[in-house]
Amino acid sequence: DAKTTQPTSMDCAEGRAANLPCNHSTISGNEYVYWYRQIHSQGPQYIIHGLKNNETNEMASLIITEDRKSSTLILPHATLRDTAVYYCITITGANSKLTFGKGITLSVRP
Amino acid sequence: KAGVTQTPRYLIKTRGQQVTLSCSPISGHRSVSWYQQTPGQGLQFLFEYFSETQRNKGNFPGRFSGRQFSNSRSEMNVSTLELGDSALYLCASSLSRTGRGYGYTFGSGTRLTVV
Chain A
24 DAKTTQPTSM DCAEGRAANL PCNHSTISGN EYVYWYRQIH SQGPQYIIHG
74 LKNNETNEMA SLIITEDRKS STLILPHATL RDTAVYYCIT ITGANSKLTF
124 GKGITLSVRP
Chain B
-6 KAGVTQTPRY LIKTRGQQVT LSCSPISGHR SVSWYQQTPG QGLQFLFEYF
44 SETQRNKGNF PGRFSGRQFS NSRSEMNVST LELGDSALYL CASSLSRTGR
94 GYGYTFGSGT RLTVV
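Line by line, the protein sequences give chains A and B. For the first sequence, our numbering gives the first residue as 24, with consecutive numbering after it. For the second sequence, our numbering gives the first residue as -6, with consecutive numbering after it.
Please note that a few of the clues may not be correct.
Said to hold, decoys possible - 30 Å max Cα-Cα, derived DSS-like pairs, lysine-lysine: (1) LYS75/A with LYS92/A; (2) LYS50/B with LYS125/A; (3) LYS26/A with LYS92/A; (4) LYS6/B with LYS92/A; (5) LYS125/A with LYS6/B; (6) LYS125/A with LYS92/A; (7) LYS26/A with LYS75/A; (8) LYS26/A with LYS6/B; (9) LYS26/A with LYS125/A; (10) LYS6/B with LYS75/A; (11) LYS50/B with LYS6/B; (12) LYS125/A with LYS75/A.
Hints listed in this document are in silico derivations from the structure and should not be mistaken for laboratory results.
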């Protein structure tokens, strides 16, 4: 699975959009990009995933660049409850394990 | 529907003892994976089971083992506990073997403290 690189931390104001970047420059054609988040001491929570097209669900939007070397998770209206560690992960069909990096700590301020 | 259930939620054990943790996946999910989370190492993959067979294994010593039953429930066992085994142990289940296309659903974890 491709190695992913994320900034260590970022913050945003409540009600504003939070844009969380992820670099996965070595991603291969059959690797999906997944985003999970972990709120303190809970299990990681699935947010969204995509292959090459942009995706949107009730939680977030995922924008994947045309060359697939990077992506951005967008939380359109961040709330205090979105404060968490966000992990960007790639998965291939050949390997079922999730390789978590250190993730990015998002702090939403009032 | 019920999520992934892990029992117990908290556990305190003494060095040298052994421990068994349990995971009940979401109904219909056949893939179960286990992860260890510590402040120093973060989230690390332990192993994955599908249809009662271990399909993938992380880089952990043989003291860590697991199994999956015919109803997809899984257990992991740690023998000869060491202080460094203190961690949050997380179980995740998925419909497909790879999780790709469906994602993994995690339980709340078992917090193991070794004293």
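Structure-based check of each hint:
1. LYS75/A with LYS92/A: holds, 10 Å
2. LYS50/B with LYS125/A: holds, 21 Å
3. LYS26/A with LYS92/A: holds, 11 Å
4. LYS6/B with LYS92/A: violated, 45 Å
5. LYS125/A with LYS6/B: holds, 28 Å
6. LYS125/A with LYS92/A: Distance of about 19 Å is within 30 Å: holds.
7. LYS26/A with LYS75/A: Roughly 17 Å between the alpha carbons, so the hint for LYS26/A and LYS75/A holds.
8. LYS26/A with LYS6/B: Outside the cut-off at roughly 36 Å; violated.
9. LYS26/A with LYS125/A: Given that 30 Å is the threshold and the Cα spacing comes to 12 Å, the pair holds.
10. LYS6/B with LYS75/A: violated, 47 Å
11. LYS50/B with LYS6/B: Answer holds: LYS50/B to LYS6/B is near 25 Å, not above 30 Å.
12. LYS125/A with LYS75/A: holds, 24 Å
Checked against the numbered hints above, the structure violates hints 4, 8, 10; every other hint is satisfied.
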